[in-house]
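> So the sequences go chain by chain: A and B. Position one of the first sequence corresponds to residue 74 (this note's numbering), numbered consecutively onward. Position one of the second sequence corresponds to residue 3 (this note's numbering), numbered consecutively onward.
Hints may be right or wrong, so weigh each one.
Stated by the list, open to error - Some but not every residue of chain B turned toward chain A, in silico, with C-beta under 8 Å:
1) D75
2) V77
3) T80
4) L141
5) P145
6) S159
7) T186
8) V190
9) Q195
10) Q204
11) L218
12) A222
13) Q223
14) P262
15) I274
16) P279
What the hints assert, rightly or not - Here are some chain A residues the structure puts well away from chain B; computed CB gaps all over 10 Å:
17) E89
18) R91
19) E104
20) K118
21) T158
22) E192
23) R195
24) L269
25) H295
26) Q371
Quick caveat, the hints were computed from the structure, so don't treat them as lab data. Bear in mind the structure is a predicted one, so any value in this text is a computation, not a measurement. Virtual Cβ for every residue (Gly too), placed ideally from N, Cα, C.
Read off the chains here:
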Amino acid sequence: MPEQLLEIEALHVHYELRGGLARRARGHPREVLRAVDGVDLTIAKGETLGLVGESGCGKSTLGRAIVGLESPASGELRFRGEPLTAERGRARRRRIQMVFQDPYSSLNPRMTVRQTLAELLRAHRVVPKEAINARCVELLELVGLGPRALDAHPRQFSGGQRQRVATGRALAHEPELLVADEPVSALDVSVQATVLNLLDELRAKLGLTVLLIAHNMAVVRHVSDRVAVMYLGRILETAPTDELFTNPRHPYTRGLLTAVPRLVPGRASTSEGVAGDPPSPIDLPTGCRFHPRCPLAQEPLCSTEDPALEEGLPAHLAACHFAWRAAPPAHTPEILQETT
Amino acid sequence: MSEVLLRVDGLRVEFNLARGVLRAVDGASFEVQRGEAFGIVGESGSGKTMALRALVGLLPPAASVTGGTVEIDGVDVTAAGEHALRELRGRTVSMIFQEPMTALNPVLRVADQIAETPMVRIGLTRRAARSRALELMRLVGIPDPKRRADAYPHELSGGMRQRVMIAIALSADPKLILCDEPTTALDVTIQDQILKLLGNLQRELGVSLVFVSHDLAVIAQTCSRVAVMYAGQVVETGTVDAVFREPRHPYTLGLLRSVPDFDIVREHLSSIPGSPPDLAALPVGCRFHPRCAFVHDDCRSDPIPLIELGGDRAARCLYHELCAADARREPVIAVA
Numbered sequence: 074m075p076e077q078l079l080e081i082e083a084l085h086v087h088y089e090l091r092g093g094l095a096r097r098a099r100g101h102p103r104e105v106l107r108a109v110d111g112v113d114l115t116i117a118k119g120e121t122l123g124l125v126g127e128s129g130c131g132k133s134t135l136g137r138a139i140v141g142l143e144s145p146a147s148g149e150l151r152f153r154g155e156p157l158t159a160e161r162g163r164a165r166r167r168r169i170q171m172v173f174q175d176p177y178s179s180l181n182p183r184m185t186v187r188q189t190l191a192e193l194l195r196a197h198r199v200v201p202k203e204a205i206n207a208r209c210v211e212l213l214e215l216v217g218l219g220p221r222a223l224d225a226h227p228r229q230f231s232g233g234q235r236q237r238v239a240t241g242r243a244l245a246h247e248p249e250l251l252v253a254d255e256p257v258s259a260l261d262v263s264v265q266a267t268v269l270n271l272l273d274e275l276r277a278k279l280g281l282t283v284l285l286i287a288h289n290m291a292v293v294r295h296v297s298d299r300v301a302v303m304y305l306g307r308i309l310e311t312a313p314t315d316e317l318f319t320n321p322r323h324p325y326t327r328g329l330l331t332a333v334p335r336l337v338p339g340r341a342s343t344s345e346g347v348a349g350d351p352p353s354p355i356d357l358p359t360g361c362r363f364h365p366r367c368p369l370a371q372e373p374l375c376s377t378e379d380p381a382l383e384e385g386l387p388a389h390l391a392a393c394h395f396a397w398r399a400a401p402p403a404h405t406p407e408i409l410q411e412t413t
Numbered sequence: 003m004s005e006v007l008l009r010v011d012g013l014r015v016e017f018n019l020a021r022g023v024l025r026a027v028d029g030a031s032f033e034v035q036r037g038e039a040f041g042i043v044g045e046s047g048s049g050k051t052m053a054l055r056a057l058v059g060l061l062p063p064a065a066s067v068t069g070g071t072v073e074i075d076g077v078d079v080t081a082a083g084e085h086a087l088r089e090l091r092g093r094t095v096s097m098i099f100q101e102p103m104t105a106l107n108p109v110l111r112v113a114d115q116i117a118e119t120p121m122v123r124i125g126l127t128r129r130a131a132r133s134r135a136l137e138l139m140r141l142v143g144i145p146d147p148k149r150r151a152d153a154y155p156h157e158l159s160g161g162m163r164q165r166v167m168i169a170i171a172l173s174a175d176p177k178l179i180l181c182d183e184p185t186t187a188l189d190v191t192i193q194d195q196i197l198k199l200l201g202n203l204q205r206e207l208g209v210s211l212v213f214v215s216h217d218l219a220v221i222a223q224t225c226s227r228v229a230v231m232y233a234g235q236v237v238e239t240g241t242v243d244a245v246f247r248e249p250r251h252p253y254t255l256g257l258l259r260s261v262p263d264f265d266i267v268r269e270h271l272s273s274i275p276g277s278p279p280d281l282a283a284l285p286v287g288c289r290f291h292p293r294c295a296f297v298h299d300d301c302r303s304d305p306i307p308l309i310e311l312g313g314d315r316a317a318r319c320l321y322h323e324l325c326a327a328d329a330r331r332e333p334v335i336a337v338a
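Whole structure, please, built from the sequences with the hints as guidance.
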């Protein structure tokens, strides 16, 4: 069993919605958006875990909670076995760093790269004062930029280069865990590869653990050791990458894989991916949260009992009543039935 | 039924900016057959969207068509007056945009938006137009059309809004639908639903599609022929199958190799060195030569023409043979 770097147990992150003055005047409680709704997940030291899901599934919120940018409503985060809260000291904060999606807005446009890096090296006392300059050069080298980039402003860089600077900034803290939230989705295809390769190199060179949050299944397949599939605030399936892509056990994962457009002409599947739209995270379905869109859902089991993650094969967990036993024949999902 | 519906020849689109004239599209030529789905693929700034918009005279105010001809269903669009263009846009051609929320009217109920063209262009009565709208909503897979008919766009999900936009595009029985990144703003499962819907409509109604996208896989899934654009020029055309299996332009090859392919897992993703050129300071000779692995001296001197290669293929590369040989040596996409 590899050493677990981060353990997440029954984590909940809720957003209270502000609106609805009329609602509140009538004495109704505030609506709550359950962005992360009971996540269990572990990340082993040195691995790259891909976290996939569609927009609104809570994957970014989960990443932000891990870094300490969101306070959980309940549940526990443990880093190297010790509880981790959103309020953490500098030393703890340094251990987990984040690279954001949009390098155009995550860098301060008025600061040169040197100022950006030097500021945090100084504030966190990462290296002695006189070593700051040398360390800045080292960091840029690490992310594949020359020392000339040090005195440039973010606007002078292309998107891919900016993402390198943002990565360098995260690495300045010498983190053990790097949370990369859609690090390439704002970049053009021809430069995405360079940033993905960089993450891979860094992991090998620095022994970094990476949580890669992405919606692109092909990207995740290429760079992850293990994949977790998230849907409406919950992890529905986790498995080693090859296993997940070749033997998906949750009907949502299967649908998601079917829906991916393929580069090989004529390879695209003609069968349906996932029917309908995802329900609102303010008003979650009862029982299994996927049951209204599920072609296997059985009444009353699936609309009343919330399936737990169950390990059916080594390191392969799925939260479906039929993941590890004979599945019933497929039918038209409930979400399409009510329409006629 | 190989009859040409859209013929674009030497299309040039220029922006008149304070710092000078920028040529966003420089001599684009391609043909689209009746009932065919044709893809235009390229990265941001390649000119793909401007080429598409120029086809129906929907360019931004600073841009104009300064050369070339566009012929749709026998009508020369570049010579047509505003009245003829409006007639064309209302009946023969329609368009689907990337962001349905900004393309739809936020203060009109969706059925009224779908019914507008049938009333104005076909002259249906209000009542007939409404029942036509409901029929179209059913056709594009909107569940429970009667209930959704009186919804406003903000009450619908992104996927449903895109379906409404497709219903509007279909409302006057067009022969050609221009799709500008129609699924880029959507999640993968919804994208899958919309692409399958567009594919079905193309097959069942025999309508032609021109599909602009930066996503090679989306093009592979929906189109039979493709034009690859780079720095304002078409650099390669052909059937999707031929172009993706054996690209004959180094840019196409590099692009295909840099995309993580769902079907082949590579140890290391390759990438194209450098970045696309500034349109105001284009390289002399081939526009791709500073980033090209097959570059020779003659690539740096004169502009490269689009070279006809037979079998409905063309490439803007003097060394397309080297490129094809490289693609044969190491397959670009998974072999079926």
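> Compare the structure with each hint and give your call.
Going down the list of hints, with the structure as the test:
no.: 1; hint: D75; in the structure: violated, 28 Å
no.: 2; hint: V77; in the structure: violated, 32 Å
no.: 3; hint: T80; in the structure: violated, 31 Å
no.: 4; hint: L141; in the structure: violated, 14 Å
no.: 5; hint: P145; in the structure: holds, 3 Å
no.: 6; hint: S159; in the structure: holds, 4 Å
no.: 7; hint: T186; in the structure: violated, 11 Å
no.: 8; hint: V190; in the structure: holds, 5 Å
no.: 9; hint: Q195; in the structure: holds, 7 Å
no.: 10; hint: Q204; in the structure: violated, 14 Å
no.: 11; hint: L218; in the structure: holds, 6 Å
no.: 12; hint: A222; in the structure: holds, 5 Å
no.: 13; hint: Q223; in the structure: holds, 4 Å
no.: 14; hint: P262; in the structure: holds, 4 Å
no.: 15; hint: I274; in the structure: holds, 4 Å
no.: 16; hint: P279; in the structure: violated, 12 Å
no.: 17; hint: E89; in the structure: holds, 22 Å
no.: 18; hint: R91; in the structure: holds, 18 Å
no.: 19; hint: E104; in the structure: holds, 17 Å
no.: 20; hint: K118; in the structure: holds, 22 Å
no.: 21; hint: T158; in the structure: holds, 32 Å
no.: 22; hint: E192; in the structure: holds, 28 Å
no.: 23; hint: R195; in the structure: holds, 33 Å
no.: 24; hint: L269; in the structure: violated, 6 Å
no.: 25; hint: H295; in the structure: violated, 4 Å
no.: 26; hint: Q371; in the structure: holds, 22 Å
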